[in-house]
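In order, the protein sequences belong to chains V and G.
Per full-length UniProt numbering, the first sequence starts with residue 1, numbered consecutively.
Per full-length UniProt numbering, the second sequence starts with residue 1, numbered consecutively.
Honestly, the hints are just simulated from the structure, not real lab data.
Since this is a predicted model, take the numbers as computed values, not measurements.
Treat the hints with caution; some may be incorrect.
When chains are identical, the list treats them as one kind, so a pair holds in a single copy or across two.
[As the list claims (entries may be wrong)] Below, in silico cross-link-like pairs of lysine-lysine (DSBU-like), each with a Cα-Cα straight-line distance of 30 angstroms or less:
hint, residue 1, residue 2
1, Lys192, Lys57
2, Lys95, Lys166
3, Lys78, Lys170
4, Lys161, Lys78
5, Lys83, Lys58
6, Lys78, Lys95
7, Lys192, Lys78
8, Lys166, Lys78
9, Lys58, Lys192
10, Lys83, Lys192
11, Lys107, Lys161
12, Lys78, Lys107
13, Lys95, Lys107
14, Lys58, Lys78
15, Lys95, Lys58
16, Lys161, Lys192
17, Lys95, Lys192
18, Lys57, Lys78
19, Lys57, Lys95
20, Lys83, Lys57
21, Lys83, Lys107
Each chain is listed here by its residues.
Protein chains: 2
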Amino acid sequence: MTFRYPNGKLYTPADQTGKPAKKESNPNYSNRGMTLEEDLNETNRFYCSRNIAIVHKKPTPVQIVQVDYPRRSAAVIKEAYFKQSSTTDYNGVYKGRYLDFEAKETKNPSSFPLQNFHEHQIAHMTQILEQDGICFVILSAFGHIYLLPAGRLIHFWERMKDGGRKSITKAEIEDSGTLIPIGLHPRIDYIKAVEALYF
Amino acid sequence: MTFRYPNGKLYTPADQTGKPAKKESNPNYSNRGMTLEEDLNETNRFYCSRNIAIVHKKPTPVQIVQVDYPRRSAAVIKEAYFKQSSTTDYNGVYKGRYLDFEAKETKNPSSFPLQNFHEHQIAHMTQILEQDGICFVILSAFGHIYLLPAGRLIHFWERMKDGGRKSITKAEIEDSGTLIPIGLHPRIDYIKAVEALYF
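Kindly generate the complete structure, drawing on both the sequences and the hints.
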C-alpha cells in the first residue's frame with residue numbers, strides 16, 4: 001500500500017523501507033526478516049535499559065483535521081494527513097552530547113542514491129553540526145551497516161547540487177563511513193562507532 | 001472539545017493548556033492571547049534562525065489504524081488514536097549539549113499541581129540526567145515563567161510518592177526555579193537561564 005503527502009510526494013514508512021536486500025548482496029545483515037527500524041528500536045531499547053544512551057525515534061508527524069469523541073471511549077481521529085518531517089528521525093543523548101541521525105536503506109548494489117534524503121533534512125543536519133551536535137546517517141547498503149558522518153553526506157549532497165552524481169558510490173561509503181558491528185543485543189551497535197569517531 | 005486516550009485518560013493538547021491566567025494573578029506573562037506552546041515555538045524558531053540553539057517540539061504520537069489512498073491525491077488517515085508520549089515534548093542541542101524539557105502551565109495561584117506530569121516522564125527525565133543531559137521543565141505559574149531543573153522536580157515527585165503533598169508550593173518554585181526573561185524576540189528566553197545554570 002502506498003501513501004502520498006498532500007504535495008503528492010510518496011510517503012515511505014521506515015518499517016517498509018527495511019525489506020531484506022537480495023541474498024547474494026548481503027552476507028551479514030539482510031535476510032533476517034527484520035527491518036532497519038525494528039533493529040534500531042531494539043538497539044535503542046537495549047541502550048536505554050543499560051543506560052548506555054537515551055535515543056528515541058520521533059513520532060511520524062501527522063496533521064489532524066477531524067476528531068470524533070464517542071462517549072465513554074477514546075477520541076478517534078477521523079481525518080488526518082501525513083506531514084513531511086522537518087528534522088531527522090532519531091535523536092537523543094550520549095555522555096551529555098546531543099546525538100542526531102537518520103537511518104536509510106538501499107538495495108542498490110553499487111551506490112547509495114541521494115534521493116533517500118531531503119533538502120530540509122540536510123539543512124537540519126547542517127544546523128546540528130553548527131551547534132556542535134553529533135550528527136550522522138546510518139546506512140544499510142551492500143550487505144553492511146555504515147555510520148556516515150553528516151559532514152560527509154553534506155559534501156556528497158553539495159556535489160550533486162553542483163551538477164555531480166546523484167548518489168554516493170560504494171567506494172566512497174567504504175572510505176567515508178564506519179562499519180557498525182551487527183549482533184544480537186544490541187543488533188546495530190552504532191554507539192561503538194560514535195565512541196570511536198566523536199570521543 | 002475534549003479527547004481521551006484509549007485508556008480513558010484525558011488528552012490535553014499543549015495549545016489548549018495555555019489559556020491566559022486570571023488578570024490579577026499575572027502582571028508579566030498572561031493575558032497576551034498567546035499560548036505557552038506558541039511562545040516556545042516562536043522562541044525555538046528565533047533560536048534556530050540565529051543558530052543560538054536547535055530545539056524542536058516532538059510531534060504528537062498517534063497510532064494509525066486505517067489509511068485511505070484516493071487516486072491522485074494524498075493519503076487520508078481515516079482512523080487513528082492519540083498515544084501517550086514516553087518522553088518530554090521538547091529536545092535539541094545547545095553548544096553540543098543535549099537539552100530536554102517539558103512545558104506546563106497552571107492557573108493555580110498558590111502551587112503547581114504535580115498531576116501535570118506523568119510517571120513515565122519523570123522516568124525519562126531521570127534517564128536523561130543519568131546520561132548527563134540538560135533536563136528541566138518550563139513552568140508558567142503565578143504570572144511568571146520559571147525554569148525548574150529536572151532534579152528538583154524529581155525531588156518533589158518523590159516527596160509525593162512518599163505520601164507528601166501533591167503539588168509544589170509557590171515558595172518552593174521561587175526558591176528552586178530560575179525566572180526566565182519574557183520579551184518579544186525571543187518571547188521566552190530560556191537559553192539565558194540554561195546558560196546561567198548549566199554552563
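Do the hints match the structure? See the list:
1. Lys192 - Lys57: Both, since 19 angstroms and 28 angstroms are each at most 30 angstroms.
2. Lys95 - Lys166: Neither, since 36 angstroms and 33 angstroms both go past 30 angstroms.
3. Lys78 - Lys170: Result: close neither inside a copy nor across copies, 45 angstroms intra and 41 angstroms inter.
4. Lys161 - Lys78: neither (41 angstroms within a copy, 38 angstroms between copies)
5. Lys83 - Lys58: both (13 angstroms within a copy, 13 angstroms between copies)
6. Lys78 - Lys95: neither (42 angstroms within a copy, 42 angstroms between copies)
7. Lys192 - Lys78: Neither, since 43 angstroms and 42 angstroms both go past 30 angstroms.
8. Lys166 - Lys78: For Lys166 and Lys78, neither the intra-copy (39 angstroms) nor the inter-copy (36 angstroms) Cα distance is at most 30 angstroms.
9. Lys58 - Lys192: both (22 angstroms within a copy, 27 angstroms between copies)
10. Lys83 - Lys192: neither (33 angstroms within a copy, 32 angstroms between copies)
11. Lys107 - Lys161: Within one copy, since 23 angstroms is at most 30 angstroms while 52 angstroms is not.
12. Lys78 - Lys107: neither (36 angstroms within a copy, 32 angstroms between copies)
13. Lys95 - Lys107: neither (34 angstroms within a copy, 37 angstroms between copies)
14. Lys58 - Lys78: both (22 angstroms within a copy, 22 angstroms between copies)
15. Lys95 - Lys58: So Lys95 and Lys58 pass the 30 angstroms test inside a copy (20 angstroms) and across (22 angstroms) alike.
16. Lys161 - Lys192: neither (32 angstroms within a copy, 38 angstroms between copies)
17. Lys95 - Lys192: both (13 angstroms within a copy, 23 angstroms between copies)
18. Lys57 - Lys78: Both: 25 angstroms inside a copy, 24 angstroms across copies.
19. Lys57 - Lys95: both (19 angstroms within a copy, 22 angstroms between copies)
20. Lys83 - Lys57: both (16 angstroms within a copy, 14 angstroms between copies)
21. Lys83 - Lys107: Cα proximity of Lys83 and Lys107: one copy only (26 angstroms, versus 33 angstroms across).
Hint check: violations occur at hints 2, 3, 4, 6, 7, 8, 10, 12, 13 and 16; the rest are consistent with the structure.
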